[in-house]
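Colleague: Each chain is listed here by its residues.
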Amino acid sequence: ASVSGFLSLLSFTILFLAWLAGFSSRLFAVIRFESIIHEFDPWFNYRSTHHLSTNGFYEFLNWFDERAWYPLGRIVGGTVYPGLMVTAGLIHYILNLLHVTVHIRDVCVFLAPVFSGLTAVSTFLLTRELWNQGAGLLAACFIAIVPGYISRSVAGSFDNEGIAIFALQFTYYLWVKSVKTGSVFWTIGCCLSYFYMVSAWGGYVFIINLIPLHVFVLLLMQRFSRRLYIAYSTFYIVGLVLSMQIPFVGFQPIRTSEHMAAAGVFALLQAYAFLQYLKDRLTRQEFQTLFFLGVSLAAGVVFLTLTKPSLPPLLRYAKIHIPIIASVSEHQPTTWVSFFFDLHILVCTFPAGLWFCIKNINDERVFVALYAISAVYFAGVMVRLMLTLTPVVCMLSAIAFSSVFEHYLGDDMKRENPIKQHPFYPVKNSSVYSKLIVTMLMLMLLMMFAVHCTWVTSNAYSSPSVVLASYNHDGSRNILDDFREAYYWLRQNTDEHARVMSWWDYGYQIAGMANRTTLVDNNTWNNSHIALVGKAMSSNESAAYEIMKSLDVDYVLIIFGGVIGYSGDDINKFLWMVRIAEGEHPKDIRESDYFTPQGEFRVDKAGSPTLLNCLMYKMSYYRFGEMQLDFRTPPGFDRTRNAEIGNKDIRLKHLEEAFTSEHWLVRIYRVKKQENRQALDHKLRNIAAKQKYTSKKVLPSRFH
Amino acid sequence: MAVFKGFPLNLLFASILLILLLCIQSGGGQKKKENMLAEKVEQMMEWSSRRSVIRMNGDKFRRFVKAPPRNYSVIVMFTALQPQRQCSVCRQANEEYQVLANSWRYSSAFSNKLFFTVVDYDEGADVFQQLNMNSAPTFMHFPAKGKPKRADTFDLQRIGFASEQLAKWIADRTDVQIRVFRPPNYSGTIALALLVSLVGGLLYLRRNNLEFIYNKTGWAMAALCVVFAMTSGQMWNHIRGPPYAHKNPQNGQVSYIHGSSQAQFVAESHIILLLNAAITMGMVLLNEAATSKGDVGKRRIICLVGLGLVVFFFSFLLSIFRSKYHGYPYSFLIK
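As you go down the protein sequences, you meet chains A and B in turn.
Mapping of the first sequence onto full-length UniProt numbering: position 449 corresponds to residue 449, and the numbering continues sequentially without gaps.
Mapping of the second sequence onto full-length UniProt numbering: position 69 corresponds to residue 69, and the numbering continues sequentially without gaps.
Hints are computed from structural coordinates only; laboratory data are not their basis.
Since the structure is predicted, the reported quantities are computational estimates derived from the model, not experimental observations.
Misleading hints may appear alongside valid ones.
The calculated lysine-lysine pairs, modelled on BS3-like cross-linking and capped at a C-alpha distance of 27 Å, are [as the list claims (entries may be wrong)]:
| no. | chain 1 | residue 1 | chain 2 | residue 2 |
| --- | --- | --- | --- | --- |
| 1 | B | 247 | B | 335 |
| 2 | B | 168 | B | 145 |
| 3 | B | 40 | B | 149 |
| 4 | A | 435 | A | 549 |
| 5 | B | 216 | A | 359 |
| 6 | B | 145 | B | 113 |
| 7 | A | 653 | A | 673 |
| 8 | B | 216 | B | 335 |
| 9 | A | 177 | B | 216 |
| 10 | B | 168 | A | 573 |
| 11 | A | 435 | B | 298 |
| 12 | B | 216 | B | 298 |
| 13 | B | 216 | B | 293 |
| 14 | B | 168 | A | 587 |
| 15 | B | 147 | A | 587 |
| 16 | A | 648 | A | 618 |
| 17 | B | 66 | B | 33 |
| 18 | B | 33 | B | 147 |
| 19 | A | 648 | A | 673 |
| 20 | B | 147 | B | 40 |
| 21 | B | 298 | A | 359 |
| 22 | A | 359 | B | 168 |
| 23 | B | 149 | A | 587 |
| 24 | B | 149 | A | 605 |
| 25 | A | 648 | A | 573 |
| 26 | B | 293 | A | 435 |
| 27 | A | 587 | B | 33 |
| 28 | A | 605 | A | 573 |
| 29 | A | 683 | A | 673 |
| 30 | A | 587 | B | 113 |
| 31 | B | 113 | B | 60 |
| 32 | A | 549 | A | 683 |
| 33 | A | 180 | B | 216 |
| 34 | A | 653 | A | 605 |
| 35 | B | 168 | B | 113 |
| 36 | A | 573 | A | 683 |
| 37 | A | 653 | A | 587 |
| 38 | B | 66 | B | 145 |
| 39 | A | 673 | A | 549 |
Generate coordinates for the entire structure from the input sequences, incorporating the hints supplied.
Modeller: Below, the structure written as structure tokens:
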């Protein structure tokens with residue numbers, strides 16, 4: 001008893017330490033900068049959480065946001081997965097109930113690191129079900145620090161994925177548990193966890209396809225059991241009803257094709273169970289086997305056609321036809337470098353874990369094998385789906401490492417007996433040494449993994465991208481806080497209902513930080529609206545003015561990196577604006593007009609005149625020609641593109657510069673209102689008198 | 001007197017005659033031109049009824065495409081399809097072009113306003129010289145009226161040669177809308193059917209001995225193959241189509257590893273696949289060595305081999321990664 005008590009204390013300590021390590025390695029950004037929401041989407045989540053915590057749940061569900069997508073607006077309650085906001089709001093509410101007064105922002109910032117600990121615990125539980133306690137503990141340690149998961153869950157990255165991975169792992173744990181026990185209790189738990197997942201992230205589709213696939217494969221392997229029947233039947237019905245409670249999901253689970261596999265497998269399972277029932281009564285074995293074969297084949301064909309992996313052709317189609325999808329860098333296939341960068345040693349060792357699982361197969365190991373194969377396929381197709389691969393890689397790697405450690409680390413009890421009988425047997429020493437070497441080297445590899453994870457987290461995944469930092473030669477640091485400077489300028493100096501036009505990337509930040517109305521934002525649901533903004537940016541000033549007038553634009557905000565050499569600025573994104581605009585307005589905007597005859601995109605004198613006179617160019621480089629950055633370069637030298645700009649004499653007619661941040665990173669222009677009378681372009685007509693009119697009147701005589 | 005009187009009459013007559021003659025002559029010219037045009041159109045129609053893409057040599061090109069009396073637009077692909085030219089892009093472009101031309105040929109909107117032609121370098125080198133063209137493939141549009149402008153040359157470098165893009169360009173230049181209809185690709189279906197029948201046949205032949213289905217090693221191998229293919233970025237290769245390796249044109253050195261972390265060569269992904277497989281095998285061997293019941297020396301050798309595989313190939317992998325990911329500080333055994 002004391003041994004098992006000691007073991008559980010040890011497991012508890014290890015899990016606690018894994019939680020702590022995971023939590024602390026996600027804090028780089030908070031320590032270096034401050035407790036701040038990162039990037040783009042998190043700003044929207046933060047804004048809606050704020051709305052939820054100030055106005056209450058029902059107000060949030062009915063929220064019509066008139067500050068986004070002007071003049072259309074956005075029904076927020078029906079177009080988000082509310083799980084994240086509700087979770088953060090609930091934690092905030094409970095903390096305040098306990099008189100722990102924290103700001104809602106801090107709850108949002110630290111939510112993902114806290115949930116990473118929960119993910120570690122649920123991964124531990126799942127791996128323990130699949131293999132054993134030791135593998136579970138290793139898996140928990142792996143997932144706590146692996147970069148593939150940290151990339152989406154650092155402090156401040158307040159996004160759906162941060163809590164969804166926990167929900168995913170916990171649902172899978174409960175599913176495996178319910179298949180193992182066949183108890184309705186665990187299945188209902190699984191359904192509730194699935195409900196939480198549906199409310200949190202669109203990736204729930206992965207669950208609703210993987211679990212039916214598991215059931216289907218188990219049927220094919222003739223591993224049908226009462227437990228499986230109870231688990232899946234309950235899960236399908238209750239899970240379906242629960243998932244339809246989320247407004248954004250609605251009736252999709254019974255309409256769309258990606259949910260049909262689950263329904264098909266449900267029907268198949270009922271048929272199979274019915275046949276099994278008949279089999280007990282009837283004796284015509286051959287007929288039944290034939291029937292089984294026919295039914296399962298037909299179902300297999302249906303399953304394959306429905307869930308046929310149609311992602312790559314879909315992506316290719318999307319790339320050709322919808323530039324906005326191609327313009328998002330996350331929708332790209334994955335190179336081996338990204339796999340290695342995000343998973344390091346785990347990516348090379350997890351196939352070994354898969355091997356062990358398949359060699360010692362049982363019901364739940366079928367599940368993990370299917371999980372691994374489907375997740376690795378999706379991760380190969382799209383970089384962002386690396387996130388769903390990471391947990392299973394951690395589990396399988398942990399299985400591989402733990403089975404090696406089990407054999408090489410200690411545990412000499414069983415083999416000590418023969419050695420004791422032959423005290424001078426020479427193998428003893430050398431076998432101990434080889435064991436020692438194996439253990440040392442394996443530990444060293446794991447240590448390198450930990451070091452790699454910390455380095456990647458610190459260097460690649462911990463920049464808030466709202467605040468930039470640059471380092472001098474002596475290592476001291478400059479903080480570039482231009483974004484917030486500009487957004488607060490907007491907040492303080494513009495009318496409360498002013499409408500700000502910018503490229504869609506900055507929509508959420510403007511709404512969140514400046515609290516002003518935007519035309520387009522990161523929820524890119526309306527392509528034609530975005531194309532209109534793109535058209536305004538890529539037309540000349542007077543054509544753009546017409547568009548801006550029709551959209552009631554008051555201010556235009558652009559990002560310009562030419563002064564400090566920031567490469568993610570609007571000129572570098574400009575071709576996407578042109579492409580998206582061309583997609584909707586092919587008669588007015590043509591991508592080829594923005595290239596030189598040699599097909600280059602240049603901003604210097606050789607650049608195409610259309611580019612040099614478009615609104616984006618003018619706003620970016622307005623008065624930049626007067627500025628000499630250092631003595632080696634001419635005035636108007638763009639550091640991002642390493643070129644002297646081609647149009648230094650920029651005059652704006654319908655716009656005026658309203659604000660430029662310290663490092664010119666953000667520039668804001670005011671759109672001038674129309675004057676009462678349109679000023680004429682040409683000179684007023686001057687009627688030359690044909691002859692001087694002189695009065696013929698005779699002056700009154702009294703003047704004489 | 002009569003002579004004097006008659007002269008202006010004569011003159012009048014003569015001039016009338018002259019005018020009449022001129023009229024007839026010019027009318028004849030008009031008619032001849034129309035005849036020629038009709039003949040040309042008829043000829044073109046006949047050709048295109050036979051083949052959707054009309055092959056042209058230098059003379060034909062000058063007569064039907066360059067010479068002025070035309071009321072039809074011509075799309076010309078200048079290419080080099082002969083095998084000795086070794087132009088693989090030309091072949092791909094040609095396929096897309098055929099798809100487009102067939103879509104036009106068999107569409108309901110087919111008319112004599114637009115023709116698709118091809119000029120091969122080996123049949124009409126003079127045309128290439130005449131147009132001052134030094135790269136193939138090139139797509140050009142010859143409008144019904146006037147000379148081709150800048151935009152009448154298709155921007156292949158930037159847009160690519162997908163037939164949808166070509167159709168868009170043609171619609172832009174000629175106002176003829178072509179809906180691209182790709183012939184469905186049956187090769188995948190046939191391959192699948194063959195595979196299924198092969199597997200089915202095997203199963204049927206060995207129906208008395210179906211043990212091999214329950215062979216876990218086979219299934220495990222298959223699963224590992226999928227995993228290795230994905231983690232070494234074969235899907236990236238499939239979608240992006242990178243070259244197998246890069247040969248430096250200056251010194252003829254072949255590099256198998258791409259210098260940037262954003263891209264990879266096919267050869268590189270194969271190397272990574274082997275490295276990953278070797279490391280996995282090392283882990284499996286380590287486990288084998290501890291669990292198998294062979295004699296001690298053999299087990300120790302297996303154990304050392306496994307350990308060597310894991311450690312050596314992992315450090316090799318790490319060094320490749322380091323050479324690609326600039327600024328990465330860590331390495332192990334191999335720099």
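Colleague: Hints first: check each against the structure and report whether it holds.
Modeller: Hint by hint, here is what the structure shows:
no.	hint	verdict
1	247/B with 335/B	holds (24 Å)
2	168/B with 145/B	holds (20 Å)
3	40/B with 149/B	holds (23 Å)
4	435/A with 549/A	violated (77 Å)
5	216/B with 359/A	holds (6 Å)
6	145/B with 113/B	holds (12 Å)
7	653/A with 673/A	holds (11 Å)
8	216/B with 335/B	violated (39 Å)
9	177/A with 216/B	holds (24 Å)
10	168/B with 573/A	holds (24 Å)
11	435/A with 298/B	holds (15 Å)
12	216/B with 298/B	holds (25 Å)
13	216/B with 293/B	holds (20 Å)
14	168/B with 587/A	holds (12 Å)
15	147/B with 587/A	holds (22 Å)
16	648/A with 618/A	holds (9 Å)
17	66/B with 33/B	holds (15 Å)
18	33/B with 147/B	holds (19 Å)
19	648/A with 673/A	holds (26 Å)
20	147/B with 40/B	holds (19 Å)
21	298/B with 359/A	holds (23 Å)
22	359/A with 168/B	violated (55 Å)
23	149/B with 587/A	holds (18 Å)
24	149/B with 605/A	holds (24 Å)
25	648/A with 573/A	holds (21 Å)
26	293/B with 435/A	holds (17 Å)
27	587/A with 33/B	violated (36 Å)
28	605/A with 573/A	holds (20 Å)
29	683/A with 673/A	holds (22 Å)
30	587/A with 113/B	holds (23 Å)
31	113/B with 60/B	holds (18 Å)
32	549/A with 683/A	holds (25 Å)
33	180/A with 216/B	holds (22 Å)
34	653/A with 605/A	holds (22 Å)
35	168/B with 113/B	holds (17 Å)
36	573/A with 683/A	violated (40 Å)
37	653/A with 587/A	holds (25 Å)
38	66/B with 145/B	holds (11 Å)
39	673/A with 549/A	holds (9 Å)
When held up to the earlier numbered hints, the structure conflicts with 4, 8, 22, 27, 36 and fits the remainder.
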